[in-house]
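So the sequence lines, in the order shown, correspond to chains R and W. Quick note: the first sequence uses my numbering, first residue 1, plus one each step. Quick note: the second sequence uses my numbering, first residue 1, plus one each step.
Just so you know, the hints here were simulated from the structure itself, not pulled from any lab data. Positions of the beta carbon are idealized from the N, C-alpha and C atoms, including for glycine. Honestly, I wouldn't trust all of these hints.
[To be verified] Pairs of lysine-lysine, DSSO-like flavour, derived with a Cα cap of 30 Å:
no., chain 1, residue 1, chain 2, residue 2
1, W, Lys24, R, Lys60
2, R, Lys52, R, Lys99
3, W, Lys78, R, Lys99
4, W, Lys24, R, Lys49
5, R, Lys56, W, Lys78
6, R, Lys99, R, Lys77
7, R, Lys60, R, Lys111
[To be verified] Not everything, but these chain R residues come out facing chain W in the computed CB check (under 10 Å):
no., residue
8, Leu44
9, Phe89
10, Gly98
[Said to hold, decoys possible] Okay, the calculated beta carbon distance ranges per label pair:
no., chain 1, residue 1, chain 2, residue 2, range
11, R, Ser79, W, Ser66, 32 to 42 Å
12, W, Ser66, R, Ala17, 26 to 36 Å
13, R, Ala27, W, Gln17, 18 to 28 Å
14, R, Ser3, W, Ser66, 35 to 45 Å
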Amino acid sequence: GDSVTQMEGPVTLSEEAFLTINCTYTATGYPSLFWYVQYPGEGLQLLLKATKADDKGSNKGFEATYRKETTSFHLEKGSVQVSDSAVYFCALLYNQGGKLIFGQGTELSVKP
Amino acid sequence: DAGVIQSPRHEVTEMGQEVTLRCKPISGHNSLFWYRQTMMRGLELLIYFNNNVPIDDSGMPEDRFSAKMPNASFSTLKIQPSEPRDSAVYFCASSPGQGIDEQFFGPGTRLTVL
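The shape of chain R in the complex, shown without the other chains (with noise of 0.2 Å):
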């Protein structure tokens, strides 16, 4: 079936490094992808997608753009700041259906 992985956590980065959160996902057809973000005792938010292969999404300074040769869609920002600690989750959806399919989320801590 369809599915998402995602690296493990917890990820401890000083302020100012690069973050690259890795994501893969497997499907019969040709998902969108997300990346949401959950900050502590909140709901999810979107923080970018792509519709389409080769599309990059970009919001507050993250990137991710969808692979269909590797099937990836990996989150990376060039300098992390302590308000970046959160929890992150990729996930894909079907155009022709409700569904998104979470990956197990990743945590990321900033130290300053």
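Mind docking chain W on chain R? Use the hints.
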């Protein structure tokens, strides 16, 4: 816009009791989703509605769980009887289109069943 509203934010109950979680989606959104989040299983979709009609309830764990959407501005998720393994954070989300757009999540209800 107030966003998706869920109540209560926290619920502590005893095993065997009935629990009702409530959700008010964003006005004008056509789709509504109920998720459960636990450490062991991560985020799971329980059920989703489109135009108040349940479309997919394959994620509902068992008959103790039921969900309704009597109108476009209100949904409930009921657990009867509740069990300790139901302890989790339950999220409601809504989206503007037929499930093909961004989903906006509520703050969640943290349920503890003793």
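Hints versus structure:
Only pairs whose Cα atoms come within 30 Å are accepted, and lysine 24 (chain W) paired with lysine 60 (chain R) is accepted, the gap being roughly 28 Å. Restraint check for lysine 52 (chain R) and lysine 99 (chain R): the C-alpha separation of about 17 Å stays at or below 30 Å, so the hint holds. A threshold of 30 Å between alpha carbons decides the hint, and for lysine 78 (chain W) with lysine 99 (chain R) the separation of about 21 Å falls inside it, so the pair holds. Under the criterion of a C-alpha separation no larger than 30 Å, the hint pairing lysine 24 (chain W) with lysine 49 (chain R) is consistent with the structure, at around 25 Å.
Among the hinted pairs, lysine 56 (chain R) with lysine 78 (chain W) is inconsistent with the structure: their alpha-carbon atoms are about 40 Å apart, more than 30 Å. Restraint check: the Cα-Cα separation between lysine 99 (chain R) and lysine 77 (chain R) comes to about 27 Å, which is no more than 30 Å; the hinted pair holds. A C-alpha spacing of about 19 Å is found between lysine 60 (chain R) and lysine 111 (chain R), which places the hinted pair at or below 30 Å, so the restraint holds. Interface restraint check: leucine 44 (chain R) against chain W, minimum CB-CB distance 4 Å, threshold 10 Å, status holds.
Because the closest C-beta pair between phenylalanine 89 (chain R) and chain W is about 7 Å apart, less than 10 Å, the hint holds. Below 10 Å, beta-carbon pairs count as interface contacts, and glycine 98 (chain R) has one with chain W at about 2 Å; its hint therefore holds. Remark: the range hint 32 to 42 Å for serine 79 (chain R) to serine 66 (chain W) is contradicted by a beta-carbon distance near 48 Å. A beta carbon spacing of about 47 Å between serine 66 (chain W) and alanine 17 (chain R) contradicts the range 26 to 36 Å that was offered as a hint.
Between alanine 27 (chain R) and glutamine 17 (chain W) the Cβ separation comes to about 40 Å, which falls outside the hinted range of 18 to 28 Å. As the Cβ distance of serine 3 (chain R) to serine 66 (chain W) is approximately 28 Å, the hint placing it in 35 to 45 Å is violated.
The structure is inconsistent with the numbered hints 5, 11, 12, 13, 14, although it conforms to all the rest.
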